[in-house]
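Q: Spelled out, the chains give:
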Amino acid sequence: GEDVEQSLFLSVREGDSSVINCTYTDSSSTYLYWYKQEPGAGLQLLTYIFSNMDMKQDQRLTVLLNKKDKHLSLRIADTQTGDSAIYFCAERASGGSYIPTFGRGTSLIVHP
Amino acid sequence: NAGVTQTPKFQVLKTGQSMTLQCAQDMNHEYMSWYRQDPGMGLRLIHYSVGAGITDQGEVPNGYNVSRSTTEDFPLRLLSAAPSQTSVYFCASRGTGNTIYFGEGSWLTVV
Numbered sequence: 001g002e003d004v005e006q007s008l009f010l011s012v013r014e015g016d017s018s019v020i021n022c023t024y025t026d027s028s029s030t031y032l033y034w035y036k037q038e039p040g041a042g043l044q045l046l047t048y049i050f051s052n053m054d055m056k057q058d059q060r061l062t063v064l065l066n067k068k069d070k071h072l073s074l075r076i077a078d079t080q081t082g083d084s085a086i087y088f089c090a091e092r093a094s095g096g097s098y099i100p101t102f103g104r105g106t107s108l109i110v111h112p
Numbered sequence: 001n002a003g004v005t006q007t008p009k010f011q012v013l014k015t016g017q018s019m020t021l022q023c024a025q026d027m028n029h030e031y032m033s034w035y036r037q038d039p040g041m042g043l044r045l046i047h048y049s050v051g052a053g054i055t056d057q058g059e060v061p062n063g064y065n066v067s068r069s070t071t072e073d074f075p076l077r078l079l080s081a082a083p084s085q086t087s088v089y090f091c092a093s094r095g096t097g098n099t100i101y102f103g104e105g106s107w108l109t110v111v
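Protein chains in written order, with the numbering used here: chain A, 1 to 112; chain B, 1 to 111.
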């Protein structure tokens, strides 16, 4: 099975909250990331969380980490049409090559 | 600050042709990597490098070669292009921090 799993699509109404979920399998994951990819562009780091944290908040973004269940979520409050993009979850273990493993990405569609 | 620069942005190749995707970073990062992105497949690691002179294979290395003669550059070579290599290619780099910087991507079509 995949190391990092995400649902492929999420559709929300403008102004609602969006919650994008991710599960991972590597229990030694040290850093967990959320990246945003807008159409025709590269990936931009949105935020990351250390594995010893439960939550991280940054303006409209809230990241929740349940290390026991290996579950990561990204909540976007007051979702706007400009938030429409593909969101990638990624995890990186300590040691080794330090190369992160990415999920397949969740396409967030925000409609009026 | 240029960050990670990839060239070309778009390329069309005929089956069997060879080409090199260039990647350069000006942040003195040790770690560099190449990914390909295909619909519904997310990002898959092709090759990576942990420093000048050191490269290793990722998840999907077949059909691709890399070299790392300098810290700044990490070119990706397609020796004999195949239609299955039609994809979007991203170069990325990381320093000692936690942020991975991506290039803008290279759209490659093999006909």
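Some hints here could point you the wrong way.
Heads up, simulated SDA-like pairs for lysine to any residue below, C-alpha to C-alpha not over 25 Å straight-line [stated by the list, open to error]:
id	chain 1	residue 1	chain 2	residue 2
1	A	K70	B	E59
2	A	K56	A	S73
3	A	K36	B	N65
4	B	K9	A	S84
5	B	K9	A	G40
6	A	K36	B	S18
A partial selection of chain A residues facing chain B, derived with a Cβ cut-off under 10 Å [said to hold, decoys possible]:
id	residue
7	L10
8	Y48
9	T101
Here are a few chain B residues that face chain A, going by a calculated C-beta distance under 8 Å [unchecked claim]:
id	residue
10	S33
11	G40
12	G42
13	L43
14	L45
15	T86
16	F90
17	G95
18	T99
19	I100
20	F102
21	G103
22	E104
23	L108
These are calculated hints, taken from the structure and not from any lab test.
Ideal Cβ positions, reconstructed from N, Cα and C, are used throughout, including at glycine.
Q: Are the hints correct? Go through all of them and say.
A: Quick rundown of the hints versus the structure:
1. Note on A:K70 and B:E59: the hinted pairing holds, with a Cα-Cα distance of about 22 Å set against a maximum of 25 Å.
2. Distance check on the hinted pair: A:K56 and A:S73 sit about 11 Å apart at the alpha-carbon level, within 25 Å; holds.
3. With a CA separation close to 28 Å, the supplied pair A:K36 and B:N65 exceeds the 25 Å bound.
4. At most 25 Å may separate the alpha-carbon atoms for a hinted pair to count; B:K9 and A:S84 meet this at roughly 23 Å.
5. At most 25 Å may separate the alpha-carbon atoms for a hinted pair to count; B:K9 and A:G40 meet this at roughly 10 Å.
6. Among the hinted pairs, A:K36 with B:S18 is inconsistent with the structure: their alpha-carbon atoms are about 32 Å apart, more than 25 Å.
7. Look at A:L10: its Cβ only gets to about 15 Å from chain B, farther than 10 Å, so that hint breaks.
8. The criterion of a C-beta within 10 Å of any C-beta in chain B is met by A:Y48, whose closest approach is roughly 6 Å, and the hint holds.
9. For A:T101, the interface hint holds, the least distance from its beta-carbon to any beta-carbon of chain B being 8 Å, beneath 10 Å.
10. The interface hint given for B:S33 holds, since its Cβ lies 6 Å from the closest Cβ of chain A, which is under the 8 Å cut-off.
11. Checking B:G40 against chain A: minimum C-beta separation of about 6 Å stays under 8 Å; hint holds.
12. Against a cut-off of 8 Å between C-beta atoms, the interface hint on B:G42 holds, since the closest Cβ of chain A lies about 4 Å away.
13. Interface hint status for B:L43: upheld, as the beta-carbon distance to the closest one in chain A is roughly 4 Å, under 8 Å.
14. Hint on B:L45 holds. Least Cβ distance to chain A is approximately 6 Å, under the 8 Å limit.
15. The criterion of a C-beta within 8 Å of any C-beta in chain A is not met by B:T86, whose closest approach is roughly 16 Å, and the hint is violated.
16. Hint status for B:F90: holds, given a least beta-carbon distance of 6 Å to chain A, under 8 Å.
17. The closest approach between the C-beta of B:G95 and any C-beta of chain A is roughly 10 Å, which is over the 8 Å cut-off, so the hint fails.
18. Residue-level restraint check for B:T99 holds (minimum Cβ-Cβ distance to chain A is 5 Å; threshold 8 Å).
19. Checking B:I100 against chain A by beta carbon gives a least distance of about 7 Å; that is within 8 Å, so the hint holds.
20. Look at B:F102: its Cβ gets to within about 4 Å of chain A, closer than 8 Å, so that hint holds up.
21. For B:G103, the interface hint holds, since its Cβ comes within 8 Å of a Cβ in chain A; the closest pair sits about 6 Å apart.
22. Evaluation of the B:E104 hint against chain A yields a held restraint, the C-beta minimum of about 5 Å falling below 8 Å.
23. Checking B:L108 against chain A: minimum C-beta separation of about 14 Å lies over 8 Å; hint violated.
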